[in-house]
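*Asks:* From first to last, the protein sequence lines are chains W, L, V and G.
This note's numbering puts the first residue of the first sequence at 1, with every later residue one more than the last.
This note's numbering puts the first residue of the second sequence at 1, with every later residue one more than the last.
This note's numbering puts the first residue of the third sequence at 1, with every later residue one more than the last.
This note's numbering puts the first residue of the fourth sequence at 1, with every later residue one more than the last.
None of these hints come from the bench; they were simulated from the model.
Be careful, since some hints might not be right.
Quick list of simulated restraints, FRET-style, between CB atoms [what the hints assert, rightly or not]:
#, chain 1, residue 1, chain 2, residue 2, range
1, G, CYS89, V, LYS215, 57 to 63 Å
2, G, GLY246, V, GLU137, 40 to 46 Å
3, G, PHE124, W, ARG193, 53 to 59 Å
4, L, ALA315, V, ASN566, 55 to 61 Å
5, L, LYS129, W, ARG193, 21 to 27 Å
6, V, ASN566, W, PRO108, 33 to 39 Å
7, L, PHE37, V, GLY360, 42 to 48 Å
8, G, ILE138, L, ASN158, 51 to 57 Å
9, W, HIS163, L, ALA315, 32 to 38 Å
10, W, SER137, L, ASN158, 31 to 37 Å
11, G, ILE138, V, ALA206, 29 to 35 Å
12, L, ALA315, G, ILE138, 45 to 51 Å
Partial chain V-side listing against chain L, Cβ under 7 Å, derived [what the hints assert, rightly or not]:
#, residue
13, GLU308
14, ILE309
15, ALA335
16, PHE343
17, VAL378
18, ASN384
19, GLY387
Glycine is no exception: its CB is placed at the ideal position from the N, C-alpha and C atoms.
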Amino acid sequence: MELLKGIFQYPFEEMANGPAFLLQVLWEGFVAGTLYSLLALGFVLIFKASGVFNFAQGIMVVFAALSLVGFHAAGLPAYVSLFLALAVMGALAWTVERVVLRKLVNQPDLILFMATIGLSYFLIGFGEFIFGGEPKSMITEELGLPTGSSVIDIFDDIVILQHLDIAAALIAAILVIGLALFFSKTRIGRALRAVADDHQAALSVGISLNQIWAIVWFAAGIVALATGIMWGARSDVSFALQIVALKALPVLILGGFTSVPGAIIGGLIVGFSEKLFEVYWGGLLGGGVEGWFAYVVALIFLLFRPQGLFGEKIIERV
Amino acid sequence: MFYREAGQFKTTYKADQAIFPIFQDRMAIAIYLLIAFVAIPVFGNDFFITSMMIPFLIFSLAAIGLNILVGYTGQISLGTGAFMGVGAYACYKLTTIFPDINIIVLIISSGFFSAVIGMLFGLPSLRIKGFYLVVTTLAAQFFLEWCFIRIPWLYNYNDSGAIEVPQREVFGIIATGASATPTTRYLIVLAIVVVMTWIASNIIHGRIGRAWMMIRDMDIAAELMGIRPLNAKLSAFAVSSFYCGVAGAMMVFFWLGAAEVESFDINHSFLILFMVVIGGLGSLVGSFLGAAFIWILPVILRAIPRTFGLDINAATIEHVNFMIIGGLIIFFLIVEPHGLARLWGLAKQKLRVWPFPY
Amino acid sequence: MLRCQTAGKTVGFDNISDGHKGGEYQTMSSDKLEVRGAGLSNDALDTFPQYLLLNAKRFADRPAMRHKDFGIWQSWTWLQMHDEIRAFSLGLKKLGLKKGQKIALIGGNRPRLYWTFCAAQALGAVPVPIYSDSIAEEMEYVLEHAETIMAICQDQEQVDKVLSMGDKLKSLKTIIYDENRGMRDYEADNLISFVEVQKLGEELLAANAGEKWIKDINKAKGSDLAVMLYTSGTTGRPKGVMLSNDNMVKTAISANEFDKFDEKEQVVAYLPLAWVGDHVFSYGQAFASGYCVCCPESAETVDEDRREIAPTYFFAPPRVFENLLTAIMVRMDDAGNFKKKMFHYFLDHANKFGEKILNGDNVAFVDRLKYFAGELLVYGPLKNRMGFTNVKVAYTAGEAIGPEIFKFYRSLGLNLKQLYGQTEASVYISAQPDGEIRAETVGRPTPGVEIEIANSGEVMYRSPGVFVGYYKNDKSTKETKTKDGWVHTGDAGFIDDDGHLRIIDRAKDVGKLNDGSLFAPKYIENKLKFFPNVKEAVAFGDGHDFCGVIVNIDLTSVGNWAERNNISYASYQELAAHPQVYEMMEEHIEQVNRDLSQEEMMAGSQIARFLVLHKELDADDGELTRTLKVRRSFISERYAPLIEAIYDGSTQKYVDTEVIFEDGRKGNISATVEIRDVKKFAAATHKEAAE
Amino acid sequence: MSLKTVADIATGEELLHVDDISLSFGGVKAIQDISFDITKGEIRAIIGPNGAGKTSMLNVINGFYHPQVGTITFLGEERRKMRPYMAACQGISRTFQNVALFAGMSTLDNIMAGRSLKMHKNFFWQMFRYGPALNEEIEHRRAVEEIIDFLEIEPIRKTPVGQLPYGLQKRVELGRALAAEPSLLLLDEPMAGMNLEEKEDMSRFIIDVNQQFGTTIALIEHDMGVVMDLADRIVVLDYGKKIADGLPAQVQADQNVIDAYLGVAH
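If we strip away everything but chain W, and leave its shape as in the complex, we get (with noise of 0.2 Å):
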């Protein structure tokens, strides 16, 4: 009985008598989400062009992030040191295009995915060695990135926000307009939807593909980046992120894997419902349960409408 109600009572009771700190959650969640939103967007980037599952994406945020600060402490002034990681982005995809991609076309999917596990094992190392294995922190304010906090005060309560966060959701949201026109006003943005629609056809109509996969994922080297930059100003840079990258699996599960504004719902629906669970429910498990439930919401929901959010529905032929 006590046990229903912890489930069913108290949470809402919770949340209607303290609504501030439900905004406060809810925030937190938001913040979250949009950061598991452009890891998300990072994965389909890839997905769409090469129908390759980029388990190195998490890994690339790191390695991004790792050269920032990295030319930086070397000496370098903080906008040439972006201007470095985005041509060591570059390097990265042009590298994997040539080096591995080029060289599985039409291998199974599972030799791909195996292939990015083997590139982040590869970045892991090759970041360590050069880096150092030791957790950095971000060069936040030599970026110019605000540092401070509002506090606003609401319901008789305060709710706390980061600039920094605020930056963060106005960076991810011009990222993704960013790219949203790219894809639909530039001939390579439409390019690679051909790509994504048909294989055969983009080749059909003179596009290279390995142009194109170069350029994809320079993008979600771009992406990484910035992910990079956000995650490593609110906590450190580490290669733990590599973990929390993986969180990417249930948002695409929610938004679909090809769908970029599904990218961003799914992102968020993960943050804000990890953030309520953990918060409101968590306390009845023992807390710890943001390093699961993404995963079992995901999985529930596949039961249902295994096609995703924004999928269409699959007809099998035989």
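Start from chain W and add chains L, V and G according to the hints.
*Replies:* Relative to chain W, chains L, V and G alone:
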């Protein structure tokens, strides 16, 4: 070259259906077993047995388990680490509850616990295909990891949160705990691995294995041939998790001696998946080759600087190790996506058709 | 739903070892078998059915026959085979087959057809095997000529052939078929399946006909007719060679003694049933010594099946050895460089020392060691791949074998020997005893055979195996067989200093060029055919100024070569006419001329002109015999314009030929064939002087 | 070509009855109000232009698609929704338009797979590959060998099917379907993509299966010549509707059919 198949004709289906129909193959197996059971215990030093052979065998068993799921049934799983954990924690609890029962019996029994858990998390596979299934198994991985931390009952409310292996005897010989000799532990592990490999091979070559492969190759056609996806997939999940569970239990009891949740984290899932893919999907031999490659190679890599008298700090070696392994994985996937087993098979084929090229 | 079509007691051999106690399996306990001369295993019996009784007793549990069917080697022991044969034999009796009557056998190497030989002989009837790939017309002639009253056909295809002759076969009463496949809807009432016949036999057996059956077998005499084999002569209608029990049994026994064969041998039966060779090796010798005969699954799987069985005794016409060698070389061409080098290094070594080692000559220890390494790395695996690992004795016969090919196999350690024989002799005339083997001879007369060379140079022989006569053809019998039992072989040859027989050519083919030099066409053709690229060659020259040849390329070998050299071709015809192919042939022919120039007797008959024929010579078109020998006279008629062109000096000639396709349809192939001149060489003795 | 007469078919026992079936995907109507029957022992052809709903019809019969309206009566049992494996249990087996073999397995194993329903020995025996499990394997191997013999595919027995040429793959697929010893065999374009000789072989096998084992066959085929020779009766579909049903000669003369094949506007 060494294959002399002329005159090896079969007059019964029993002989023709044998798992090793070629005499030379049977001889080779006999030789491997002889080396494993006699030569290694006699000539191997403790380091070799403890740091190489025991973990190699245990990982091989886990790889066989995962291979049953991924390679034979075509269901991707990233939850191997956690399923191994279930076996380990189950065995730990069993030894606590039944201290007098033979440890080998308990090790095997613990496999049933992970089989049940595996089936539970395999249920969604009926509706979910391909990569979506990764999410299910990840859910298993993270949920179970959480359980290993948050349910203190599992580790007998130890302050350390770790499970520690008690001393147990098998037929009067100390088999587990700190005072068990490496050779004893090795021989027990070896015996279990050999028997379970034999059983896996039997299942794969029979009705059930065929049903798994039918689901893997063409699930629609399989269903139209009368295979129930539910039975086939769940049995694969059960058998696979059973193997992983036993491997997990052995890992703690015969190798590590103590373990906490880190021993069963997602990196272990990846490690085993690497072994399966590098070794070769859908191949038992591949599981062994993959385990050897992924486990023994780093051991060797670590030893190389020492042998050349180079003083490189351990962390750097570890980083380089990661790079080399990551690079090799990509290299292998590009050069031979069917894994070491394919190379093995090709080499065998070359020997069979020797001196001809085909 | 799916019934076993060749239903029968196909009990696996492994199951038999614990005794044949099975209740459903009706057996006669072996000690009840009444055997003439029982206990005297070496005693010669008179007929093969008598040997069947003996073997069913002395080798009751040893395998008698295997057949790759339904994926495994179905096996029968001698006792089981005895029961099968008895049931079938009694069934035939019930169907009215009587002593002296003929039963035709049409089909491939199937146990049931081999059993039919014995089942018929047990009744005193005469089996007449017919080449199953004969065209209907040939088959009709034999069936009619032999007055067969029954025919046993392997399958629907053969039944259809026989049925299509309909009323033209006056004597034929009953058709028995082995395989049920597709036979369901046949309504002819003279059709009956093998199994049904066996059931009839079992009914008789139940009525105690068994003892009478044994009595009849034991009553049979050596002088009775055993089998009639139609020779597909190179000219004219086939002739029915009548062979008596004595002919066959005595030949089989002495052949077994000659090579020390016992019940432990295994052979693969893959040559046509109607060929005397197969009849003696796969039936006669098997019954006499009790060894095991294995029938392959199908014609396409013979190589694979032979590898599985690994026969101890192997018999093949040179063509088979040639094809095997070609296949080996073609495959090795695709091997990596290192492997190729190693392969040829050891082959060269074998070429130098292999035969010496096989013959037991003195060879240095180092070379023996090298040969041993070669055995490990090359010869052993190679023999294994070909299924020759266990071969004690291998024979080649039917035609001359290229000396290089012969040497190749011998140097690998295969005890390949030559044999000279004829249907009329129940095969054996001469054979090479172990240790006296040379490529160019066909050995010494086999035990019991006397050989003489007639004044004309023709080889003649007399032996216990000499045939009774040609069926209903006294004229031919008299032409071939003298009153005191000497037989004309039709081959020209001589006995060399070591007492070995050497064959030059068909006696009637040996001729002279206009300048008087000796012309032995086959001798030249064989030299050409040694090249893997040459499938067939026909030489002309008798009564002409010079020797000219028509060459047939080997599609496998030349096609492979073309592929490697990026030469594209759409058809056989196109490839044959390709200038580079012509060049290749020209080189080969020059090589032959060089060889011929070294031989005093042959130097005069070097090849002056040649052409590459635009179509493959084919038995269906009558260009080859069923045993795939060239029918020279037919070819010279058919391609008369081409031959004319060779001698009138033209460099090309248009020719139009009618062909019969596999499915029986007729069509035409036409082409303009190029004719080329070849360089000749000065005869050896005048070499220095000439240039 | 067939030996059966019209009278045979008319009086034959009904094996399958399709009644008023309608099937749609979203708004697309794949099949509308189709009824027909299949009698025991006949060869029944379903023909029609591309997109006529032929394959959908087969998919409905063996439970892969579930029609919104209508019933199917098979062996006297009425049903509308069922899982494909249940259809298999009832004795319906099939081949596919695009060969759907188990690519990673040998010919032998593929045909063996067709006998899945007939093999039951439990996990315990399977573990040891001993006793009942081994005997079962061997017993079914024998049955499979008979099919191999029947289809004349001995030389490719142990070849992985992925390496076989297309024509042989089709034959192996037929073997796999036959291995289930079905009472109704559905063939989805068994001769698609074959050359003339392969088509002749396949026709011979289909007739042999029908006559030798008495298996009822429903087949979809494009090649009209082949269909007219093979089939006892023909159903013609066009745009998801039945436009004709009858003996080959009747169908051939039917104006609707001629129009449909010539593409006359509706």
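*Asks:* Each hint needs a verdict: does it hold in this structure or not?
*Replies:* Do the hints match the structure? See the list:
Against the hinted window of 57 to 63 Å, the Cβ-Cβ separation of G/CYS89 and V/LYS215 comes to about 59 Å, which satisfies the hint. Separated by about 45 Å at the C-beta atoms, G/GLY246 and V/GLU137 satisfy the suggested range of 40 to 46 Å. Against the hinted window of 53 to 59 Å, the Cβ-Cβ separation of G/PHE124 and W/ARG193 comes to about 55 Å, which satisfies the hint. In this structure the hint that L/ALA315 and V/ASN566 lie 55 to 61 Å apart at CB holds, the actual value being about 57 Å.
For the pair L/LYS129 and W/ARG193, the beta carbons lie near 25 Å from each other, so the given range of 21 to 27 Å is met. Restraint check, V/ASN566 to W/PRO108: a C-beta distance of roughly 35 Å satisfies the suggested window 33 to 39 Å. Remark: the range hint 42 to 48 Å for L/PHE37 to V/GLY360 is upheld by a beta-carbon distance near 46 Å. Distance hint check for G/ILE138 and L/ASN158: the Cβ-Cβ separation is about 54 Å, which falls inside the suggested range of 51 to 57 Å.
In this structure, W/HIS163 and L/ALA315 meet the distance hint of 32 to 38 Å, their C-beta atoms being roughly 37 Å apart. A hinted range of 31 to 37 Å for the beta carbons of W/SER137 and L/ASN158 is consistent with their spacing of about 35 Å. Our hint of 29 to 35 Å for G/ILE138 and V/ALA206 holds, since their Cβ atoms are close to 32 Å apart. Between L/ALA315 and G/ILE138 the beta carbons are some 59 Å apart, a value that contradicts the proposed interval 45 to 51 Å.
Proximity of V/GLU308 to chain L holds as hinted, the smallest CB-CB distance being about 4 Å (cut-off 7 Å). Hint status for V/ILE309 relative to chain L: holds, with the closest Cβ pair at about 5 Å, below 7 Å. Because the closest C-beta pair between V/ALA335 and chain L is about 4 Å apart, less than 7 Å, the hint holds. A hinted interface residue such as V/PHE343 counts as satisfied when its beta carbon comes closer than 7 Å to some beta carbon of chain L; here the least separation is about 5 Å, so the hint holds.
The restraint placing V/VAL378 at the interface with chain L holds, with a minimum CB-CB distance near 6 Å, inside the 7 Å limit. Look at V/ASN384: its Cβ gets to within about 5 Å of chain L, closer than 7 Å, so that hint holds up. Nearest Cβ of chain L to the Cβ of V/GLY387: about 5 Å, under the 7 Å cut. The hint holds.
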